[in-house]
Every structure is written in C-alpha cells, then in structure tokens.
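**Q** Once you have looked at the hints, place chains B and C on chain A.
Here the protein sequences line up with chains A, B and C, keeping their order. Heads up: the first sequence begins at 1 in this note's numbering, then just goes up one per residue. Heads up: the second sequence begins at 1 in this note's numbering, then just goes up one per residue. Heads up: the third sequence begins at 1 in this note's numbering, then just goes up one per residue.
Treat the hints as calculated values from the structure; they're not laboratory data. The reader is advised that the hints may include incorrect statements.
Same chains, same names: a pair is fine if it fits in one copy or spans any two.
Subject to a maximum C-alpha distance of 20 Å in a straight line, what follows is the list of computed SDA-like cross-link-like pairs (lysine to any residue) [claimed, not checked]:
id: 1; residue 1: Lys-8; residue 2: Ala-44
id: 2; residue 1: Lys-6; residue 2: Asp-124
id: 3; residue 1: Lys-127; residue 2: Pro-20
id: 4; residue 1: Lys-6; residue 2: Val-81
id: 5; residue 1: Lys-55; residue 2: Thr-105
id: 6; residue 1: Lys-127; residue 2: Ala-16
id: 7; residue 1: Lys-63; residue 2: Val-50
id: 8; residue 1: Lys-43; residue 2: Thr-105
id: 9; residue 1: Lys-55; residue 2: Tyr-4
id: 10; residue 1: Lys-127; residue 2: Pro-17
id: 11; residue 1: Lys-127; residue 2: Val-81
id: 12; residue 1: Lys-55; residue 2: Leu-140
id: 13; residue 1: Lys-63; residue 2: Val-21
id: 14; residue 1: Lys-55; residue 2: Gly-83
id: 15; residue 1: Lys-127; residue 2: Val-25
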Amino acid sequence: MSVYEKLKALDITLTAPAAPVAAYVMYVQSGNLVFLSGHIARKADGSPWVGQLGKNISTEEGKAAARGVAVALMGTLQEAVGGDLARVRRIVKLTSLVNSTPDFTEHHLVTNGASELLGEVFGDAGKHARAAFGVAQIPLGCCVEIDLVVEVA
Amino acid sequence: MSVYEKLKALDITLTAPAAPVAAYVMYVQSGNLVFLSGHIARKADGSPWVGQLGKNISTEEGKAAARGVAVALMGTLQEAVGGDLARVRRIVKLTSLVNSTPDFTEHHLVTNGASELLGEVFGDAGKHARAAFGVAQIPLGCCVEIDLVVEVA
Amino acid sequence: MSVYEKLKALDITLTAPAAPVAAYVMYVQSGNLVFLSGHIARKADGSPWVGQLGKNISTEEGKAAARGVAVALMGTLQEAVGGDLARVRRIVKLTSLVNSTPDFTEHHLVTNGASELLGEVFGDAGKHARAAFGVAQIPLGCCVEIDLVVEVA
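In isolation and in its complexed conformation, chain A is listed as follows (with noise of 0.2 Å):
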C-alpha cells in the first residue's frame, strides 16, 4: 500500500500545518533533510491538549495525544515535500518531550503513540532513532511535543 492508501485505511486526514504560536515557522529544508519544529498535543478541536503525565493524564491518554502529534507533523511534511508524502525518504530521528512529574517513567510508551504511527504508515522509512524524556513543562500546558529529521528525495 502507498502511504496515502495507508492514511486511509487509518481513516487518517492530514491538515495543512497549524500557525505557529510563536516567532518560527513549521519547518525549514536544509539539503535532503527537513527539520520540523516541535509539534504541540491538540485536542480533535484545536485547543492545546493539557496535562502532566503522571499527575493527571494517563500512559493511555498520553499515548493518543501522541499519535495526535504524529497526524499533525505529517500534515506539516506533506507541505514541506509539496504536497506528495511519497517523497519522504527516511523519517530520521523523533524527539519527544513528555510533560511529567518527577516520579512518571513511561515516556517510552506515550511516545511509541507517534513512533507506531509512523511505522505503521511509512513502513521501513518510518523506522526512526529517537530520544523520548520527560521535561517540566511545555507551551500553553500541553501534555506532549515532539518534532522530527525527516530525509526527503
């Protein structure tokens, strides 16, 4: 299957990139590389997804906020590419931050949200080197943000 065959079995729709919240932009190409900025949790309405893992939001939850990320960073690279994800070579490297208290020790699980996605989608290019931690808080509360190294053709 293609990747778009994929997306649709998943009953995936990609959407063209959010508006940054800040003075950046969404991605920049730099040789084959394309470097996407950090990707923040949003609820199916748009609204920044807040919480902090291990204190009010669940593996589970976190997990789907996650795969939410992954949507939304493949709407941000199918622009990057011109509209055609069959471009993308190699998704290279996930960094993902977990918002967390001190005690949570499952950002591996809540970032493989993204990471099966990914896999699932882009087959072997999917398979990515990634580094997943828990950090002291994100933009405007959200429970996740990851971004991404993509290699394009």
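**A** Chains B and C alone, transformed into the frame defined by chain A:
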C-alpha cells in the same frame, strides 16, 4: 541592509565565543551544517544569568536573557564562518531550554527573545524551525540555554 | 594509536546495541550523518541505572553512568559503520539529558563522563558540540540519557 548593518543599527557588538564550561567545543561543522553547542544565558558582566521561570524571574526577563543568548550564538557563528556572517544561508533549527517550574507555560514567549532577534538580523534566512520547552535545571543554574543548527555557504 | 588501540588501552570492550525499549531503532544514517537514539544509562548487568541527580545519586556516580552510556553509544556506532570505527570522521553533536532535581546544577560535570571518553578514544575527531541539561525524568527512571549525531566516511 546587510547583516552587519542590521547589527550596527541594533547597537549589537559580537564577541568571540566564551570558553566552553566543560569537555566540548562551541561548534562543529559537518558538510553545510554548523551545529552550535547549547549556549547559556549570561549577564552583561559574563556571569551566569541564574534563575527559574515561574519562581524568581519573569517572562520579560527570560525573554531578555534569551535575546542575549542569541547575541552570543551569533558571535560563535561568526567565528564558525571565518568572520563573515554573509555566509549564513539559513538558521535551520533552534532548540530552547527554559529553566522553569512545573507550572510555567510561556516558554514560547521567553524563546521569542532569541527568535525575533535572529529574524531581525538575518531576515528570511533567520526564519527557523524551533522547539522550546521547560527543563528541570540548566548547568550553573542559568535561566535559558539555546542551541542552533545553521546552514552555511 | 588507532581507535581500537585506544579502546584496548582503556580496557573497553564494545558490545552490540541493546534492543530498543520501544518502537524505534538505535540509529539511522542519512547522507554522511548517523543519528543515534537516546541511550539510557545501564548498570554492568544491563539493568537500568536508576536515580536522580540531586536526590539519590552523586555527581561522580552520574559521571560514571554517563561514561557507560558513551561506551554503549560506541557499540551502536560500530554497528552503524559496518564494524569499523575508523570510518568515524567526527562526533558532531552530543545531547545529554540528566535526570535531576530543580536544584542540581552540575549537568555539565556529569556529562563530561561521556565527553571526555569520546575525546580520549577519537582524539580531535571526538571533539563535539554539546547541549546538557536537567530533565524531569527519563524512561525507566534512568539517571542519564545521551544521543549523538556523528559524521562518517
């Protein structure tokens, strides 16, 4: 206006990079990309700008600190490009670590202190991808630490 | 001395990368750059090296943990370059996440455990750009997590 005319108009004088505080170097170039080390906020006298957002330093002060870090980063970048910032093609990615309490959520506004200055100085070439978030602490207790990936000619 | 002579002189034996703890791979190469995933600190028996700087683990212990992470990173890197570390041209960027309380400020000294070892083993090619900071937590409760960007031939 050229980069140097803009710096002059802003009354900014670039200085050589400070010595690293530990076993690393301030930048490494690989191909067309320069990776700059995390630069910590410093007061005008060079001492660490200590403080934590949400505790004992305001968003406006944090923003001023971030602007100061951007000045230091440009000083390092100038050395990396052999003294001529006209060789900078694009500020690609900025990562901003804001020393903050678990209830501070304006890391994006703090980080704008750096992002806006880079935009003023480099124009379109200064528009960058970005990740900004709250960390538990920063070496020497500094309030902000920022690193960059930059494409050069 | 070659890289392998240095490793032997330091009595360091590299091992194959540990399996990732979640849905990712331990490294991805794009062009001449290898991006290594965040590697977490482990005890000699392979179990997670749990602890938080400023709470129940000292700077010296954290530095030893960071040195162990560097050994693990070199094992992964060796696999990435097809078994021959002589293909490493430059350790480009090291990012060190130190699990720490909000009042611990020696992340740079902890991180030197990794940086100094890379310098000993790779010489000038081991001099890297770096960011080190304190995070709220790390997967499995580990005290340190480090990732790398490396240029290879």
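**Q** If a hint holds in the structure, say so; if it doesn't, say that too.
**A** Verification of the supplied hints:
{"no.": "1", "hint": "Lys-8 - Ala-44", "result": "within (18 Å within a copy, 47 Å between copies)"}
{"no.": "2", "hint": "Lys-6 - Asp-124", "result": "within (13 Å within a copy, 36 Å between copies)"}
{"no.": "3", "hint": "Lys-127 - Pro-20", "result": "between (27 Å within a copy, 12 Å between copies)"}
{"no.": "4", "hint": "Lys-6 - Val-81", "result": "within (18 Å within a copy, 33 Å between copies)"}
{"no.": "5", "hint": "Lys-55 - Thr-105", "result": "both (12 Å within a copy, 16 Å between copies)"}
{"no.": "6", "hint": "Lys-127 - Ala-16", "result": "between (24 Å within a copy, 19 Å between copies)"}
{"no.": "7", "hint": "Lys-63 - Val-50", "result": "within (14 Å within a copy, 23 Å between copies)"}
{"no.": "8", "hint": "Lys-43 - Thr-105", "result": "between (24 Å within a copy, 17 Å between copies)"}
{"no.": "9", "hint": "Lys-55 - Tyr-4", "result": "neither (37 Å within a copy, 47 Å between copies)"}
{"no.": "10", "hint": "Lys-127 - Pro-17", "result": "between (23 Å within a copy, 16 Å between copies)"}
{"no.": "11", "hint": "Lys-127 - Val-81", "result": "both (19 Å within a copy, 18 Å between copies)"}
{"no.": "12", "hint": "Lys-55 - Leu-140", "result": "both (16 Å within a copy, 17 Å between copies)"}
{"no.": "13", "hint": "Lys-63 - Val-21", "result": "between (23 Å within a copy, 15 Å between copies)"}
{"no.": "14", "hint": "Lys-55 - Gly-83", "result": "neither (39 Å within a copy, 45 Å between copies)"}
{"no.": "15", "hint": "Lys-127 - Val-25", "result": "between (25 Å within a copy, 6 Å between copies)"}
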